[in-house]
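Protein sequences appear in the order of chains E and C. For the first sequence, my numbering gives the first residue as 1, with consecutive numbering after it. For the second sequence, my numbering gives the first residue as 1001, with consecutive numbering after it.
A hint or two may mislead.
Calculated lysine-lysine pairs in the BS3-like style (CA-CA distance at most 25 angstroms, straight line) [stated by the list, open to error]:
id	chain 1	residue 1	chain 2	residue 2
1	C	K1161	E	K41
2	C	K1161	C	K1084
3	C	K1161	C	K1101
4	C	K1029	E	K73
5	E	K41	C	K1356
6	E	K41	C	K1214
7	C	K1161	C	K1005
8	C	K1084	E	K22
9	C	K1197	C	K1164
10	E	K22	C	K1356
Note that these hints are calculated values from the structure, not bench results.
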Amino acid sequence: MKNTTILDAKGLACPMPIVRTKKAIDSLESGEILEVHVTDKGSLADIPAWASAGGHEITEQTEEAGVFVFRIKKA
Amino acid sequence: MVVIKWTAADVARRVINDDKLFILDVRNKEAFEDWKIEGRQFNYLNIPYFELLDGIEEVLPQIPSDRELLVVCAKEGSSIMIAKMLDEAGREAAYLEGGMKSWSIYLEPIKIGDLTGGGELYQFVRLGKGCLSYMVVADGEAAVIDAVRFTDVFLDFAKEKNVKITYVFDTHLHADHISGGRQIAAATGAAYYLPPKDAEEIVFDCEDLTDGLKVQIGSANVTIEALYSPGHTIGSTSFIIDDRYLLTGDILFIDSIGRPDLAGLAEDWVGDLRQTLYERYRELIDDLIVLPAHFMIVEELNADGQVAKRLGDLFAENHGLNIENEEEFRRTVTDNLPPQPNAYQQIRQVNMGKLKPSYDEQTEMEIGPNRCAVR
């Protein structure tokens, strides 16, 4: 898929996953996709809540071996 | 400037002293609505930290300048960030070390009173979770009742008091928090007692806590007497200590009564609950001081932080003790119950010895309020 940026936020603790995610989203154009990889369990609730507050859409959320992957479409 | 750090103990002091405090809680709205730090004189503002990343200027006017300010989050990371931002904006702010996780595990020991022959009774108030544990100290010996899982607190306290823990009791198989009773018994060589009807599925050895069991602590004639009082669970047992105190477990609280549904048998146990509250307890003397295993709301704390009230006063004031109509009582304790405590079925399995979660997993299971009561 085109225009997908990947952010590796594995190993980071709250609030850094969200801080980095926000920074990454800010640098994207509307409609572009950001794929965030996190291991912090707090992000499971925080990333969807943050995305929803900003109007961004989470198009996919998966987990593999303790790594959570969110695909976020910028509003 | 350095951001100020408060421990859970610092916050506990302010709860007990009824101090004024403004809490900026930067967790998710759901987390805040589900469970927060309660204080009679506390005011709150809940804004998730991620809505403040672009700056806190907009919320500054909502934060009063005439009281202390504490920033709280789940673990502590985002509260440090927000406290720094407040500090840079010229507003002094503290953050809670360890966040709500440390609040959930903090215990404040409070002396309830003196017992026969120089004995003492202590209540351990777990403010963040509403759990109450007890230690009876007399003549070099001690008994622990309804200990939470932070066993060091009890072991250290016994060391400080220079007493040997000889008895460990649980009033019932808990569903809202993980018991530390078995571990304390193992660490001290004390005997661990659990009501046999609640112990049917446990996978370790324990002594039977049966109706009428009477033990003496030290040679000071402080007695602990068991009173079978089913209703929250089928085995639920109360204690009468030194003929003065009634430990009610999860059967009777200050402002509410126990719920009978946490082991999935509300319909079966509601009759037991009625009988315990309206017959067995009625036979006791009114001057006993009731000491429950939980409180629900901070208003149940006395001025000195104790959770305690005369039995006679509860007969007069506690709604759950004043429902004359049996059918109405049945409806009250089986319909419209509050949500069940977090992970309560798993917690029961842990207390049976069947599940052995890690420390972090245990913290996760116990997050949130206890919800053992019906009002």
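Verification of the hints:
Straight-line distance between C-alpha atoms of K1161/C and K41/E comes to about 40 angstroms, which puts the hinted pair past the 25 angstroms bound. Among the hinted pairs, K1161/C with K1084/C is inconsistent with the structure: their alpha-carbon atoms are about 41 angstroms apart, more than 25 angstroms. A hinted pair counts as satisfied when its Cα atoms are at most 25 angstroms apart, and K1161/C with K1101/C does not qualify at roughly 28 angstroms. For the suggested pair K1029/C and K73/E, the alpha carbons sit about 23 angstroms apart, so the restraint of at most 25 angstroms is met.
For a cut-off of 25 angstroms, the pair hint linking K41/E to K1356/C stands: about 21 angstroms separates their Cα positions. Pair hint K41/E plus K1214/C does not hold up; C-alpha atoms about 47 angstroms apart against a cutoff of 25 angstroms. Simply put, K1161/C and K1005/C have alpha-carbon atoms about 30 angstroms apart, too far for the 25 angstroms limit, and the pair is violated. Using a Cα cut-off of 25 angstroms, the hinted pair K1084/C and K22/E holds, with the two alpha carbons roughly 19 angstroms apart.
Proximity of K1197/C to K1164/C is assessed by CA-CA distance (about 28 angstroms); at most 25 angstroms being required, the pair is judged violated. Proposed proximity of K22/E and K1356/C is contradicted: the alpha carbons are some 38 angstroms apart, above 25 angstroms.
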